[in-house]
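There are 2 protein chains.
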Amino acid sequence: MLKIAFAQINPTVGAFDKNYKKIFDFIQKAKFNNVDILIFGELSISGYPPKDLLLQEDFVEKNLEILKKVKNSTDNIAVVLGSIYKKNDKIYNSAFLFYNKKILNIYNKVNLLANSFFNEKKYFSEGSALKYCKFKNYKFFLTLGEDIFCKKITNYIKKEKIDFVINLSAIPFYLEKNKFFYSNLYKIAKSINSFIFFCNLVGGQDEVVFDGNSCVISPYGKIVFLCKSFQEDFGIFEFDKKINYKQLSICNDKVKLVYEALVCSIRDYVSKNNFKSAIVGVSGGIDSAVVASLATAALGKNNVFGLIMPSRFSLASSVSCAKKICENLKINYKIIDIENIFSTIYKIIEPFFLDKKFDVTEENLQSRIRGIILMAFSNKFGHLVLNTGNKSELSCGYSTLYGDLIGGFAILKDIYKTFIYKLAEYINKVAGFLVIPKIVFTKAPSAELRKNQKDTDTLPPYSILDPILKFYLENNLEPKMIAKKGYSVKLVNKIIKMVFLSEFKRKQAPIGPKITYSAIFKQKDLPITNNFF
Amino acid sequence: MLKIAFAQINPTVGAFDKNYKKIFDFIQKAKFNNVDILIFGELSISGYPPKDLLLQEDFVEKNLEILKKVKNSTDNIAVVLGSIYKKNDKIYNSAFLFYNKKILNIYNKVNLLANSFFNEKKYFSEGSALKYCKFKNYKFFLTLGEDIFCKKITNYIKKEKIDFVINLSAIPFYLEKNKFFYSNLYKIAKSINSFIFFCNLVGGQDEVVFDGNSCVISPYGKIVFLCKSFQEDFGIFEFDKKINYKQLSICNDKVKLVYEALVCSIRDYVSKNNFKSAIVGVSGGIDSAVVASLATAALGKNNVFGLIMPSRFSLASSVSCAKKICENLKINYKIIDIENIFSTIYKIIEPFFLDKKFDVTEENLQSRIRGIILMAFSNKFGHLVLNTGNKSELSCGYSTLYGDLIGGFAILKDIYKTFIYKLAEYINKVAGFLVIPKIVFTKAPSAELRKNQKDTDTLPPYSILDPILKFYLENNLEPKMIAKKGYSVKLVNKIIKMVFLSEFKRKQAPIGPKITYSAIFKQKDLPITNNFF
Chain A
103 MLKIAFAQIN PTVGAFDKNY KKIFDFIQKA KFNNVDILIF GELSISGYPP KDLLLQEDFV
163 EKNLEILKKV KNSTDNIAVV LGSIYKKNDK IYNSAFLFYN KKILNIYNKV NLLANSFFNE
223 KKYFSEGSAL KYCKFKNYKF FLTLGEDIFC KKITNYIKKE KIDFVINLSA IPFYLEKNKF
283 FYSNLYKIAK SINSFIFFCN LVGGQDEVVF DGNSCVISPY GKIVFLCKSF QEDFGIFEFD
343 KKINYKQLSI CNDKVKLVYE ALVCSIRDYV SKNNFKSAIV GVSGGIDSAV VASLATAALG
403 KNNVFGLIMP SRFSLASSVS CAKKICENLK INYKIIDIEN IFSTIYKIIE PFFLDKKFDV
463 TEENLQSRIR GIILMAFSNK FGHLVLNTGN KSELSCGYST LYGDLIGGFA ILKDIYKTFI
523 YKLAEYINKV AGFLVIPKIV FTKAPSAELR KNQKDTDTLP PYSILDPILK FYLENNLEPK
583 MIAKKGYSVK LVNKIIKMVF LSEFKRKQAP IGPKITYSAI FKQKDLPITN NFF
Chain B
103 MLKIAFAQIN PTVGAFDKNY KKIFDFIQKA KFNNVDILIF GELSISGYPP KDLLLQEDFV
163 EKNLEILKKV KNSTDNIAVV LGSIYKKNDK IYNSAFLFYN KKILNIYNKV NLLANSFFNE
223 KKYFSEGSAL KYCKFKNYKF FLTLGEDIFC KKITNYIKKE KIDFVINLSA IPFYLEKNKF
283 FYSNLYKIAK SINSFIFFCN LVGGQDEVVF DGNSCVISPY GKIVFLCKSF QEDFGIFEFD
343 KKINYKQLSI CNDKVKLVYE ALVCSIRDYV SKNNFKSAIV GVSGGIDSAV VASLATAALG
403 KNNVFGLIMP SRFSLASSVS CAKKICENLK INYKIIDIEN IFSTIYKIIE PFFLDKKFDV
463 TEENLQSRIR GIILMAFSNK FGHLVLNTGN KSELSCGYST LYGDLIGGFA ILKDIYKTFI
523 YKLAEYINKV AGFLVIPKIV FTKAPSAELR KNQKDTDTLP PYSILDPILK FYLENNLEPK
583 MIAKKGYSVK LVNKIIKMVF LSEFKRKQAP IGPKITYSAI FKQKDLPITN NFF
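In order, the protein sequences belong to chains A and B. Sequential numbering of the first sequence, starting at 103, is according to the working numbering. Sequential numbering of the second sequence, starting at 103, is according to the working numbering.
Calculated from the structure, these hints are not laboratory results. Since the structure is predicted, the reported quantities are computational estimates derived from the model, not experimental observations. A hint or two may mislead.
Copies of one chain are not kept apart here, so a pair can be met inside one copy or by any two copies together.
[Unchecked claim] Distance condition first, Cα-Cα at most 20 Å in a straight line; then the derived EDC-like pairs of lysine to aspartate or glutamate: (1) Lys436 <-> Glu452; (2) Lys599 <-> Glu159; (3) Lys607 <-> Glu167; (4) Lys624 <-> Glu222; (5) Lys120 <-> Glu580; (6) Lys432 <-> Asp160; (7) Lys599 <-> Asp119.
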C-alpha cells in the first residue's frame, strides 16, 4: 500500500514567497499524515502561465531558489512537483521527484503548448529523455499536461510495465472539459492499463480558471478518487492494486460548474491583483443582477458596491428592481441620476450637431456617462469595475465602446444571454429566495437608451441568436450548414456579418474568463479591415 | 530579352470585385506595353491577411471565381499571381503561372507562417512538390514569402540552374526591414547565383502596412530595379543576363519611411473601412499636432476635424498653439471648453467622495470627458477618432483608459515620444514652414490634468525612458544588461515594472500599425495577474 496525496493548490503567478508557503504547508500536512508521495500541479512555484515573465532572468532565478528550498524540505517524504528547470542555459517546464532532499527524477515536458493562451514554445526547450522512477518497489512515470496523450509517451509506458503514471497539469476549465479532456484521460488509462494520478492547479488567472478536479483514474478508465472543484484541496489516496475502488464522477451540472468557475474567477482576479472590492453598475436587468450576485458570492457583501444610474429613458420598474437586487444581496449601493450630466453635455455639444436628429450618438452618450461615473468611483475608492456584458452582445457588437464595454474584468464575456437566465435561476435557488426578482426574468431585455427600446429592435430574440452564434463560433459550422438547422440563410448571414463588423469593439473589451472551448475573444481571428462583410 | 513587369497593388481584404478590377487593369496595361511576364504579390485576389475569413466557404469560392477570371484574361501574356488554391478540399496559399488562359505552374507555399500577425497554419495546407517553370526558353522558379529563405528551396534552385526566381510576398514594413529582410534577400540571390524578382503588396491593413518596394535583385546581391514605396506601382524591367545593371538602393531615411508608413496606414484604414473623415483631439502638444498633420496628409484638409477641449488646467498657450496648428493645416476645428461639464459631474459625484482629496480620479475625469465628446462627434458625423497616444506612454501606462486611450486607430502606438519630435521636424520641413509651432518642441510635455503637471512627475525624461524601453522591448535585454548601458538598476526596474503593471490598459487600447520589429502590443505576452512586479 502506498499513501499518495494531492496538493491541489492555487498559486499566484510570480508570488514566489506566498506560493512557497503554500507548498511548504502542504508538505508538512502530508508528513503529519504519513504520506508516501505528495503530488503538486504544473509550475506550482511560479504559477501558470507566467508568459513573458519567463524571459526575466530574476524571475527564473527566484523560482530555482524556491525549488531548492522545496527539495530540502523532503526529508522522509517523496514530493512530485512541477517547476521551471534550468540546464545549460536552457529552461524547461519540468516535473521533479524529490525524496530525502535528493532529486530522484526530472521529467521535461515533451509536447510544449503553443496556443492563444500560452505559448510554451516561446520560452521552454523540449524534453526528450524518458526514464521511469523507482520508489519503494513501485515503478512509475512522470508526465506533464497533455504529454500523456502523446504516442511516444504511451508507447514507452506500455513497454515499461509500470505501476502508475503521475500527471502534473495546469488544464483550465471549459464547459466541454468532461467530454474532451477527461474522457481522453479515461481512454489513456485503459490503453496503458495503468492507474493515473492527475494533479491539476486550481484558481483564476486572467482569462482562464483552473478547476482543480485532480483525480485518480483506474486502469478501467474510471475515476476512483476526486479532489474538490474550484478550491484548494488536500486529498489522500491509499493506493493498492488489489483494492476494487468505488467509481466516482465529476460534476456534470453545467450551470453549477459555470457558476463556481465565475465566482472563483472574480475572487482570484480581485485578490491576486490586490483589489479589495468591486463595483457594478446595476441596471435592473438580468446581466448586472447576475454579476452583482457572483461578485457578492466571491467577495462578500461588504466588498461589493452597486451603482444605479437611471437616465430619462430608464423605466421606474427597472430602478426599483435594481434597488431590490442590491438590497437582497445586502450590498451597499448609491443612486446617481445621470439626467443632469446628460443634459449639460448635450446642451454644449448639440449646437455643433446642427439639425441632426437623436440617434445612436445620444444613446451612447448615456452609456458613456455611466462609464465615466463607474470609473470615477473605481479611481477614488480602488474598486475593480466589473463589466456586465455577455457573449451574445459582445459577439454582435451590441454594446457601447467606453460605455457598457468598460471595466477591469468582464466576467460574463463568454456566457450567452440564454445561459445567464439559467445562472440567475441557480442563484435564486441557492439563496432560497428571489434575490433576483421574477420581473427581471420576464421583462423584455432592453438597453433603455431610447424610448421603448428593446434588444430585439437590433438583434433576433436570444433564443434564436444564441444557438446560431454557438453553431458558428463553437461548432465552426458554415452558414449554409447552420441554416439547415432551421434558420433562414439571410438571418444567419446577418448575424455572421455582425460578428465580423464588431471585431473593433471586441479588440478594446476588458479581459474575462474563457468558459467555452471556443471563446470568441481567443479562438477567432478576424480582420477589422475587410470589405467581404 | 524578357520584359518583366511588377503589379505592386494595394488590395483590400475581401473586396473581390475591387481587387479584380485592379488586377484586370494592370493586365491590360501590361499587354499594352508588350510585357512578357506580369507579377503580382501574395494573395492578391483576397488581400492579405484574410485571417478567419478563410474559414468562410463563400469567401474561398469567391476568390476561386475571380482566379478563373484572371486566368481567362491572360491571352498572350504570362501572369504570375498569388491566390488561394483549393484541391481535394484543402486550401493552399499559392502562386500561379498563367499563360494564354492556361495554368502553366502552381506553387504551394511550403513554410506557412504562424506568428502573432498571421497564423497561416490555421487555414492552409503545406505545399511540398517543387517544379520549375519553363516559358520562352527561360527556366525559373516561383516562391512565396519567406519560403525563399528555406534550405530545401534554395538547394532545389541551385541544383536546377534556373535563370531567375520570382518571389510573391506580403511582407509588412518595419523599421529594421532593410537590415533584417532585404539583406537576407541579397544573400540568397548571391548564394543561388540568380536574379530574384520580388513582388510585394502595398498598403495598410489593420496592424500592418505593406511598404511595396518590390524589386529586382541581381545575382551579385544588388537591387537593380525598384518600385515605389507605400503606393501602388507598375514597373517594367527589361531582363537580359548580359546587361550590367546600375545598382539602386532602398530609402534609408527612417523618419521619411515612418512618415510615409503612417500616412499610408491612416489613408487605408479610413478608406478601406468606409470612413470618409477623421477627428483628432488637438491639445497643443506634439503628439496630437503630429497626428493631425499625418491625417491631413492622408485624407486631405477637408476630411480632418480638430477638437480643442481645454479644461481649467489647460494653459492659454496650449490652446492658442492648438488653434495655430489647425489653422496651419487648414483643417476645420471647434473649441469646446469642458469646464462646465467637469464641474457638473464633479458636483454630482463629489458628495459621495466624502473628504477624499483631488487625485487621479479628477485627472482621469477630464480626460474621459474629452473621450466622450470625441466619440459623440464620431457617432454623429461618422468621423473616425484618431488616438494620439505614443509608444512611450502606452508602454508605461501613462494614459487614461476611456480617456486619451480612446479611438478607432492609434496611429502612434508604436512610435516613441523622442521619434515623434523627429516626425514633427520632418512635417515642418516638408511643409516649408512651421506647421507645428516652435513652442510645441520646446515646452515640457504635460497632460495638463492638474496644476503645473509635467510628464516628468511620473516618468523619467523621454530621452532616458525611450532608450531603456527600446533595450527592453526590442533588444530583449535583461534589466542588468540595460543598466550596464549607463542607467541605474533601480530606474530600469521601475520602468519594467510599469510596463508589466500597465498591461491591462494596453489590452483595451485601439489597434494601430506596427512600425518596429518588436511592437509591444504584438510581440510581448504579459500576464495582467502577477505578483512578481
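Here's how the hints hold up against the structure:
1. Proximity of Lys436 to Glu452 under the C-alpha cut-off of 20 Å is restricted to the inter-copy arrangement: shortest distance 13 Å between copies versus 29 Å within a copy.
2. Within a single copy, Lys599 and Glu159 get their C-alpha atoms only as close as 46 Å, which misses the 20 Å cut-off; across copies the closest is 14 Å, which meets it.
3. Proximity of Lys607 to Glu167 under the C-alpha cut-off of 20 Å is found in neither arrangement, the shortest distances being 43 Å within a copy and 32 Å between copies.
4. Proximity of Lys624 and Glu222 under a CA criterion of 20 Å is satisfied in both settings, with 16 Å inside one chain copy and 16 Å between copies.
5. Taking the shortest alpha-carbon separations for Lys120 and Glu580, neither the intra-copy value of 48 Å nor the inter-copy value of 25 Å comes in at or below 20 Å.
6. Taking CA atoms no more than 20 Å apart as the test, Lys432 paired with Asp160 passes in neither setting, with 45 Å inside one copy and 53 Å between copies.
7. For the homomeric pair Lys599 and Asp119, the shortest alpha-carbon distance between copies (18 Å) is at most 20 Å, but the shortest distance inside one copy (49 Å) is not.
Hints 3, 5, 6 from the list above are not met by this structure, while the remaining hints are.
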